[in-house]
Every structure is written in C-alpha cells, then in structure tokens.
Amino acid sequence: MSPAAALFMPDAPLRLVGGRAKGDGRIVFPHPGTDDFEAVALSPTGTLWSYTIQRFRPKTPPYAGPEEFTPWALGYVDLPGEVIVQARLVNVAFADIRIGMPLALTKVALDAAADDPLWLPAFAPLEQAA
Amino acid sequence: MSAAVCIVGIGIHPFGRTPGLSGLEQGVYAVRAALGDAGVDWADIQFAYGGSDAAGNPDSMVSHLGLTGVQFINVRNGCATGGSALFSAQMAIRSGEFELGLALGFDKHPRGAFNALPAEYNLPEWYGAAGYMVTTQFFAAKIMRYMHLHGISCRTLGLVAEKAFANGAHAPHAWRREPVALDAILDAPMVSDPFTKFMFCSPGEGAVALVLASERKARELGATPIRLAAATMRTRPPGSFEVFAPSIATGGGTATATRLASAAAFESAGIGPDDIAVAQLQDTEAGAEIMHMAENGFCADGEQEAWLADGRTRIDGTLPINTDGGCLACGEPIGASGLRQVYENVVQLRGAGGGRQVPGTPRTAYSHVYGAPGVSAVTILQK
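Residue numbers (UniProt numbering), protein chains in the order written: chain S, 1 to 130; chain E, 1 to 383.
Be aware that one or more of the hints could be misleading.
[Said to hold, decoys possible] Each computed SDA-like pair below joins lysine to any residue, with the alpha-carbon atoms no more than 25 angstroms apart: (1) S:K22 to E:G239; (2) E:K197 to S:F56; (3) S:K59 to E:F114; (4) S:K107 to S:V92; (5) S:K59 to E:Y121; (6) S:K107 to E:P124; (7) S:K22 to E:P238; (8) S:K107 to E:A119; (9) S:K59 to E:N115; (10) S:K59 to E:M190; (11) S:K59 to E:A116.
Because the hints were derived from the structure by calculation, they are not lab data. Quick caveat, the model's predicted, so the values are computed rather than measured.
Between the sequences and the hints, there should be enough to build the whole structure, so can you do that?
Below is the structure:
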C-alpha cells in the first residue's frame, strides 16, 4: 500500500490520513491515493453524527473478520470543519451510544487473534479514550 | 415537448422465489404477458431496452421470443436499471425514431444480503474486509440521524412495514402476502438498529415488461391512454450521503440524487407533488419510505410522524404510498424493481387494483427508485 493510501499517519500520535482536494480544498476520507489530493492529518476528536449496530455477520468475501461473529457498532463521526468519517465505535455499550456524543480516535483490530491484524479506524467516548 | 409516450401494455412475473425458472425466463414470461395485454405481437415490437443486474444478458431472450432482428439494448445501471431502461425507451419514441417498443427488467438474486465488492465501487479493499459493504448499514445510519433531527419514532417505522404487508396481501405479484401485526414487527430481532427484520426487504426474483407506444400508435391500438408525463434519472450531488460512503462532506447528508430526479420530473410534467394521487417510493427498508416522502416533495421533514399516525399513506389515505406493498412485500430483484412500481401505477390508473385499489379513480401516479452508488429514477404517469 502506498503511503498516500494508508489509513493512519506513520508517526505517533494516532491520526487518520485524509485527502484535501488541491482544486477546491474539500477533505475526503480515506485519501484517494491520487495526485490531486494532498495528505492531511485529520482531527483526533469529533462528535457522533449517526450510527448503527451491525448485528449479523457480513458476507465473506469481502468481510475478513473472525468466523465467530460478535455484533459491533459503526458510526459516522463529525470532525469539525473537516469531514464526517465512517469508523467503528468502541469502549461504549450499544445502549449508551448517543448522536452528538464527543469521541476520540483510537483503532481496533479487525481480528484480534490474527498475527498481523488489519487495524481499523475507531472512536471511543472522549473521556475513555487512551 | 415532443409527442407524448403512452404505456399500452403491462406484464409481470410474480416476485419472490421461482426455483424452476431463470431470471431471463421470468423476463420472457413478463414480455409475453405485456404483449398480450397490449394486443400486439412480438413481431410488431420495433425495439427493446432490457435491464438485469445479476441474471444475464436480457437481449438473449430473443431466442425465446423470436429472431425478428429487433433492436435490443441491454441496460445495467445498478438500482436505477429499470428506470434507465424506461427512460431510454421513451426517448426512442419521443425522438420519432420508433412507435412501439418495450422496456423490461428482470433479476434473480441468491438468498441473503447483496454481496457487493469494494472494487466495483471504486473503494479500497480494507473497506470490504472491515464489513462495510453492507447496504443495510447505510440505510440504518441515514434513518438514525433523520429520526434524531426530525422526531421520527420507531413505531412510525413499524407502521410503514405494517402497511406494506397489509397492501401486499392484496397484490397477486407480491412475495409476502400475509399481514404482520405492528407488535410483531416492533418486537422482532434487530438486524441493524433501528431496523428489525420485518423492516428490510430481501433481494429476490421477478420480472416486469412494459409496452410503450407513441400517442398515435396508442390510439390505433384502442388502448386507454396512460401517458408517461416524465421519466428522469439522476446521479448524486455534492455533499450527499450515499450507500458505501467512507466519508461525508461536513454539513452534508441532505442533498440527494432523489431530490434532483424528483424536481426534474415535476418540472417535466408541469405539475407538483400536491397533484399526485398515488405514489410508489423506494422502500428497501421502512426508513427509506419515510425519508423519500420528504425527498420527493410530498411532505416536510418530520411531518411523516403525523402522516403515518393518521393513516394518510394507506390505500384509503390522502396519498396512498406503495400500494402493492413495495419492496418490503415484493422483495427487490434489482433489474425489475423500478418497473414494478410503474406496473403498479398503471394498474391503479386503470382502476384494476382489486383489494388494493385506491378509491376515487386516480389520474396521476408517481414512482421513485434509489440505490447504490447514489442514483435515482422517477416517473410520473397521467391518465
């Protein structure tokens, strides 16, 4: 994967890589990996824009998560003035999820048991984030 | 505007599961039914636009129908496949090139959710691996925000599904023909919050064919003229929130392909939402029907709560919506789904809806489809 198409900035602290269009300045996520977008580190905090709970195992392919399925929460997180990004919601009970709640960036392994897991962008309630 | 285009024949193969027939064979069944309804022969057909997303090349049905040398163009345009076939067919007549032709669509999807792959949608592989190529997630997240902003309750979602199954019970072509009680809908297992399993449609099978004619040809055939007053198809505008969206523009989420297609259709027909007597709106889940009521201009955001409580979208309401049970009761064979809506509208305008007939002889009917990756198609029919 080319650096421009990575999900996370290469160095700490943890930040997502967005793409800022060289033409009109709009920001998208992930970085499309093309020359007309420059890489920008996105805000590590935001608020929950919307969400749902994935309660059944998605079809494989393309889903590459563990065979044994545990429901997970999926959110759209508004990074103020930048862009609204799709990410997993972690460290929060499903019943406690509220639109508008403050969130902070973290990451979650798609398959925690894998030797070299795919790390996905995730957000956790602001006060609980590492 | 140039010469009017009329729908002079309709045919449908029942939706659901038909293990013995391929999608294409169901398409042939629908074409023969439509030809019979119009009182014309296959040899009279000058052109066809045929749509299928996952069930093969529509033009290969000439081996069943007859090798007349007919011009036959295949259409594959996601959830707007049927609408695109119909748009193209009406243009062929409006242009003066032809006088009599077909728009048809069929599909046959395997059980379970659609199995989209990221590369087909210009998305990175990780997006599929993460489990995000699931259409239900999008519809759930979209209605979750809409409910938050506009005060729509879970009970209202349940009322949409209850109405769909009640209407489907009266539609011979529907897949689900048993009414389901509101409590059973609301108490069913959650699939993708806030939707329970009764609030989603399933990919399925089915076929629809429409015979289109110029106004002159329609008169010659002696058909009750049902005019296609508008057929539009649009793609997504900036800032929209669509299926398979890793990000949304800040402040976005309200502009939609539906709003564009709807506005263009009303402008083309020269009428407004208040003039529509019956509507078929894309209802792949209960929330879509709610949001599409507003996106198509029939009510303001949030008014759906009162509309559903008052029964305004039921068969006997002020604006009956999804009179054959829509996608919730009929399932969604992609290539046929948009044309099913038009089929149902013709049935309603003819007054042939039986137990689901809208009272008071409707004279205008509206149909709307929406789907990945942000496409929408609208038609308006007038009697």
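Against the structure, the hints:
1. S:K22 to E:G239: Holds, at roughly 17 angstroms.
2. E:K197 to S:F56: holds (11 angstroms)
3. S:K59 to E:F114: holds (9 angstroms)
4. S:K107 to S:V92: Holds, at about 14 angstroms.
5. S:K59 to E:Y121: holds (17 angstroms)
6. S:K107 to E:P124: holds (18 angstroms)
7. S:K22 to E:P238: holds (16 angstroms)
8. S:K107 to E:A119: The hint holds at about 24 angstroms.
9. S:K59 to E:N115: Given pair K59 of chain S, N115 of chain E holds - Cα atoms ~7 angstroms apart, limit 25 angstroms.
10. S:K59 to E:M190: holds (18 angstroms)
11. S:K59 to E:A116: The hint holds at about 9 angstroms.
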